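Number of protein chains: 4
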Amino acid sequence: MARVVVDVMLKPEILDPQGQAVANALPRIGVDDVSSVRIGRRVEIEFADDADPQDQLDRAREIADKLLANPVIEDFTIRLAETGGDREDALT
Amino acid sequence: MARVVVDVMLKPEILDPQGQAVANALPRIGVDDVSSVRIGRRVEIEFADDADPQDQLDRAREIADKLLANPVIEDFTIRLAETGGDREDALT
Amino acid sequence: MARVVVDVMLKPEILDPQGQAVANALPRIGVDDVSSVRIGRRVEIEFADDADPQDQLDRAREIADKLLANPVIEDFTIRLAETGGDREDALT
Amino acid sequence: MARVVVDVMLKPEILDPQGQAVANALPRIGVDDVSSVRIGRRVEIEFADDADPQDQLDRAREIADKLLANPVIEDFTIRLAETGGDREDALT
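Chains as they are written, first to last, in this note's numbering: chain A, 1 to 92; chain B, 1 to 92; chain C, 1 to 92; chain D, 1 to 92.
Worth flagging that the hints you see were computed from the coordinates, not collected in a lab.
From a predicted model like this one, the values you see are computed outputs, not experimental measurements.
Don't take each hint at face value.
[Stated by the list, open to error] Not close to chain B: a few residues of chain C, all C-beta gaps over 12 Å, as computed:
1. Ala2
2. Pro17
3. Ala21
4. Ala25
5. Pro27
6. Ile29
7. Val34
8. Ser35
9. Ser36
10. Glu44
11. Asp52
12. Pro53
13. Thr77
14. Leu80
[What the hints assert, rightly or not] Ranges between beta-carbon positions, derived for each pair:
15. B:Val72 to C:Asp65: 40 to 48 Å
16. D:Pro27 to C:Ile29: 43 to 51 Å
17. A:Pro12 to C:Ser35: 33 to 41 Å
18. C:Asp55 to A:Pro27: 49 to 57 Å
19. C:Ile29 to A:Arg61: 37 to 45 Å
20. A:Ser36 to C:Pro27: 45 to 53 Å
21. A:Lys11 to B:Pro53: 25 to 33 Å
22. B:Gln54 to D:Ile29: 29 to 37 Å
23. D:Pro12 to C:Asp50: 15 to 23 Å
Where is the CB? At the ideal position from N, CA and C, for every residue including glycine.
Chain A on its own, in the form it takes in the complex (with noise of 0.2 Å):
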C-alpha cells in the first residue's frame, strides 16, 4: 500500500502570521538565528489498492486542485511516500 504525501504552502510572496507569530518566539526560547518560519498543511492519503503508482499521483493531483489547496494563495507538492521508509520522491 503506497502512501501520496501532498504538501500545502502559501506561496512565498504571502505573508503567513502563523508562521510568524512560531518566529516571534523563538530568542525566548533561546534561539537567534532562524530567518523564517512557514507553515503549511501536510496530507497524507492512502490507496485502498494496488493501483499503478503514476495513477495514484495523477488522483492526488486531482484532490488536491479540489479540495486540498487554493491556486491563488496556495502552492502545493505532491510526492509517493514508500510506506516502508523514509524515502520521498519529489515532483512538483
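Following the hints, complete the assembly by docking chains B, C and D onto the known chain A.
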C-alpha cells in the same frame, strides 16, 4: 542556506475529522479508492547562518518540542531539505 | 438565510503549541499582560433553505460531531448567528 | 478576568478548500441543504490584569494585525467575551 522541515501529524490513534471530511468528499469528485486521509502541519524553518546541519536539526527539534507540536496527541518528524532541490533526508 | 457558527477549541487541559507560540511572541511587539492564547477553528455553515432554526442547530451539531471536531481532544460550541448583525446566541 | 475573542476568516472572495471539502462530504451523512461552509480560526486571548476593556480590545487588534491575520487574504473580528457567560459584544 539550509531549510529544516518539521512534519507534525496527529498520532495514528487520534481521530482526524478534517481528514475524514476530505475522505468523505472524494466520491463526489469521482475518487473511490482512498482508504484514509490525514491532515497535519508542515513547518519550514530557514536558518540564517551557516551552522552545522546537525546543530540546525537539534535546534529544530527543540522548536518543535516547545512551539510546534503537542506530544500527547501529535508526532513530529524532522529532516533537512537541500534548498536546491527535491531530496530530503528523513530522521525521526 | 441563517448562519450557524461552530467554534471548535482544544479542551482546556490539552496543550496548544500554536497558541503558546503566539503568546511567546507578544513581548516582542510590546504586549506583556496576556496570560494565555488559545487557537481553535471557527466554522460558518450557511443553510440554503428556510429551515427551522432549531433544526439547523441540530444538523450543525451532527456535522460537528462527525466532521469538525474530535471529541477526545476538542470541545465545540454551536450558535445561531443572525445574518444581519452582530448578536449571537450561544448554546453549548 | 476578561477574554478577547479574535475571529479570523478568509475574505469572502477567497476560495476555502477545507470548507469546500466539508461541504462536499455532507451528503454522505444525510445533510443536503447546506449552501456553504467556511473554516477560519478562533483565537481566545486572556489578559492577566484588570486592564480597561477598551484597552484590551486595542491590544488584541494590534496582536491580530501583527501575528494572527494576513490582511491581504483574511478579515478579522474582535470582541470581548464575558467570562461568566455566553453574551458576546461584537465589533469589527
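Comparing the hints with the structure gives:
Every CB of chain B is more than 12 Å from the CB of C:Ala2 (nearest about 22 Å), matching its label as outside the interface. A cut-off of 12 Å between C-beta atoms contradicts the statement that C:Pro17 is not in contact with chain B; the least separation is 5 Å. With 12 Å as the threshold on Cβ separation, the claim that C:Ala21 sits away from chain B is violated: the shortest Cβ distance comes to roughly 4 Å. The beta carbon of C:Ala25 sits about 9 Å from the closest Cβ of chain B, which is not more than 12 Å, so the claim that it is off the interface is violated.
Against chain B, the non-interface label of C:Pro27 holds: every CB pair exceeds 12 Å, the least being about 15 Å. The beta carbon of C:Ile29 is kept farther than 12 Å from every beta carbon of chain B, the shortest such distance being approximately 17 Å. Distance check for C:Val34 against chain B: the nearest CB is about 16 Å away, which clears 12 Å, and the non-interface claim stands. Listed as a non-interface residue, C:Ser35 keeps its Cβ farther than 12 Å from every Cβ of chain B; the least gap is roughly 18 Å.
Separation of C:Ser36 from chain B is adequate, the least Cβ-Cβ distance of about 15 Å exceeding the 12 Å criterion. Listed as a non-interface residue, C:Glu44 keeps its Cβ farther than 12 Å from every Cβ of chain B; the least gap is roughly 15 Å. Look at C:Asp52: its CB is around 25 Å from the nearest CB on chain B, clear of 12 Å, so calling it non-interface holds up. Remark: the non-interface label on C:Pro53 is consistent with the geometry, its nearest Cβ contact in chain B lying 24 Å away (cut-off 12 Å).
For C:Thr77, the non-interface assignment is confirmed: its Cβ lies about 16 Å from the closest Cβ of chain B, beyond the 12 Å cut-off. With a least beta-carbon separation of about 22 Å from chain B, C:Leu80 lies farther than 12 Å from that chain, consistent with its non-interface assignment. Checked against the hint of 40 to 48 Å, the pair B:Val72 and C:Asp65 fails, with Cβ atoms roughly 22 Å apart. Remark: the range hint 43 to 51 Å for D:Pro27 to C:Ile29 is upheld by a beta-carbon distance near 45 Å.
Roughly 35 Å separates the CB atoms of A:Pro12 and C:Ser35, a value that falls within the hinted 33 to 41 Å. Hint check: C:Asp55 to A:Pro27, Cβ distance near 52 Å, so the stated range 49 to 57 Å holds. For C:Ile29 and A:Arg61, the Cβ-Cβ distance of about 40 Å falls inside the hinted range of 37 to 45 Å, so the restraint holds. For the pair A:Ser36 and C:Pro27, the supplied restraint of 45 to 53 Å is violated, since their beta-carbon distance comes to about 20 Å.
At roughly 27 Å, the beta carbons of A:Lys11 and B:Pro53 sit within the given window of 25 to 33 Å. Remark: the range hint 29 to 37 Å for B:Gln54 to D:Ile29 is contradicted by a beta-carbon distance near 48 Å. One distance hint, 15 to 23 Å for the beta-carbon pair D:Pro12 and C:Asp50, holds here, with the actual separation near 22 Å.
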